[in-house]
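Colleague: For the record, the sequence lines run as chains U and B.
With the working numbering applied, the first sequence corresponds to residues 1 to 259, in that order.
With the working numbering applied, the second sequence corresponds to residues 1001 to 1269, in that order.
Hints listed in this document are in silico derivations from the structure and should not be mistaken for laboratory results.
Even glycine gets a Cβ: it sits at the ideal position worked out from N, Cα and C.
One should not assume that every hint holds.
Away from chain B, derived, C-beta distances all over 10 Å, residues of chain U [claimed, not checked]:
#1 D19
#2 G28
#3 E29
#4 H121
Covered, in the sense of this in silico footprint (three residues per stretch, anywhere, with C-beta under 8 Å from a C-beta of chain B), are these stretches of chain U [stated by the list, open to error]:
#5 76-89
#6 100-114
Now for the letters of each chain:
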Amino acid sequence: MIRFRAASVVYPGGTRGLDNVDLSIEPGEFVVVVGLSGAGKSTLIRTINGLIPLTSGELSVNEHSVPDLNRRQLRDLRGDIGMIFQGFNLVDRSTVVNNVLMGRLAKVPAWRALLGRFPEHDLAVAAAALDRVGMLDRAHQRSTDLSGGQRQRVGIARALAQEPQVILADEPVASLDPPTSHQIMQHLQRINRELGITTIVNLHFLDLAVTYAQRIVGLREGTIVFDGPGSECTAEVFEGIYGRSLTADDTLTDEAPLP
Amino acid sequence: MSSPAVVSAPSIPRGPRVGRFIVWGIVGVIGLTIVTAITVEFSFLDIFRNLTRRNLVLDGLLSPDIGQLWSERSLSAFVETLQLAILGTATGGLVALPLSIWATDYGNPYVWLRNMVRIFNAVVRSIPDLLWALIFVTAVGIGVLPGLLALFFFSIAVVSKLTADTLDSVDRQPIEAALAAGAPTISMVHTAVVPQILPAYTSFLLYGFELNLRASAVLGLVGAGGIGARIEFFRGRGEWSEVWGIVLMFFLVVFLVERLSVSLRRRLV
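All chains should be modelled from the sequences, with the hints used to inform the complete structure.
Modeller: In structure tokens:
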């Protein structure tokens, strides 16, 4: 359960990342956040795991008030929230399995991580995560040897290795081609349905949003301007979110069917 | 027939003018060089005259005592120098890694500790190798120990400086990922940062070893052990053939070690 109440983020310099946001997300939901770049999508997602602190308002995640957590408690909370990035954020020189084991670091004592002696249980969790995205046979390859889609699957496996209650995905397909984008979105959807992990995805391709979202949240200049099921999201609604008429750049495929 | 072109051929637009700062900087450097050359009475003629005048030192160079290559005492002094260089690099280089990591913004969450480490690193870096040797010869007396301590601190200075530059240009994305996964700082650095800098760091260790090997020749001059002590011994007695014999030997060793180190480093990066 994630609940924002009158939450705002003002960056040094006066830019408003979030402006008085009220939002509740129930366990197991699959929410897609849409909006132009600069509308506050990344800010919204990063406040949930405390990477960006609120400047005012309230935010609770799993009954923890995020602004009140000390460093240790924040680490524990982050351990329960997986994150997937636009740029994959893998350690290129490390192997796939070492990247996935990064997802266990919140639960494994630092000395064990330093010596590379992960407990059997954690190795098993990492293996299961890799298997779920079909990358187990690549475990010992270097991440640099993988394609973009494969690297994002490793990114998903790293998040899954946390055994998280929430997965945050910040523009997970923005650096991928259309077929691979669908593949990644299908992985996220399946994980959400089979494991019941609350999933929040930032997207700027509207057809992808409509195809995969259970619920769409529209952000514009840091405020929520739409919140409803994907089926209600018509081209007019999107034009309201974007504040302009839609172009071919707003969809992944050129003749995307919007409701 | 087409009419004559109205549009002129494209030409690269004029770039920004060379800044005044750069112009005056160059003028300043040239001026400073001339002024200093005059004040130290620099003259190629004098150098030539002095070098071609007969003297004992150069006579020794013409007949170096190759026997030093076999002399037991010179050999053991050499072994001592190598041991000093290896031990100094290994210990100092090892300490340099955490010191340079603790000086970064991501590797150390405590601002006051970060600043203390930065000040410590700056002080260590500002002291040259020979001064370290003098300090420790004064502190613990003549012998191998002051040489080792000098090379220990000198290695910290060199390796931590070079590693710090690499740490500055590290890819921050994996750091964000590790922090988002709730990793403690040590685990984050180990998994997200160390793999990125490890090849460069190993190369810096080898480079530090090269520097230490050369430095250890000089350290002996102030009483800090190794082959330098042997050079100083012969120099004091005016036995220049022996001095040059050792220098020749030293040149060979340094040359071989550097070749080895360079080829190793090339394989790393």
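Colleague: Against each hint, give a clear statement of whether it holds in the structure.
Modeller: A quick look at each hint next to the structure:
1. With a cut of 10 Å on Cβ distances, D19 (chain U) stays outside the contact zone with chain B, its closest approach being about 24 Å.
2. With 10 Å as the threshold on Cβ separation, the claim that G28 (chain U) sits away from chain B holds: the shortest Cβ distance comes to roughly 21 Å.
3. With a closest Cβ-Cβ approach of about 20 Å to chain B, E29 (chain U) is found to remain outside the 10 Å limit, as its non-interface label requires.
4. Every C-beta of chain B lies more than 10 Å from that of H121 (chain U), the closest at about 17 Å, which supports listing it as non-interface.
5. Given as covered by chain B, the stretch 76-89 of chain U passes the check, having 12 residues with a CB less than 8 Å from a CB of that chain where 3 are the minimum.
6. For the stretch 100-114 of chain U, the stated coverage by chain B holds: 9 residues have a C-beta nearer than 8 Å to a C-beta of that chain, and at least 3 were required.
Consistency with the previously given hints is maintained throughout, with no hint failing.
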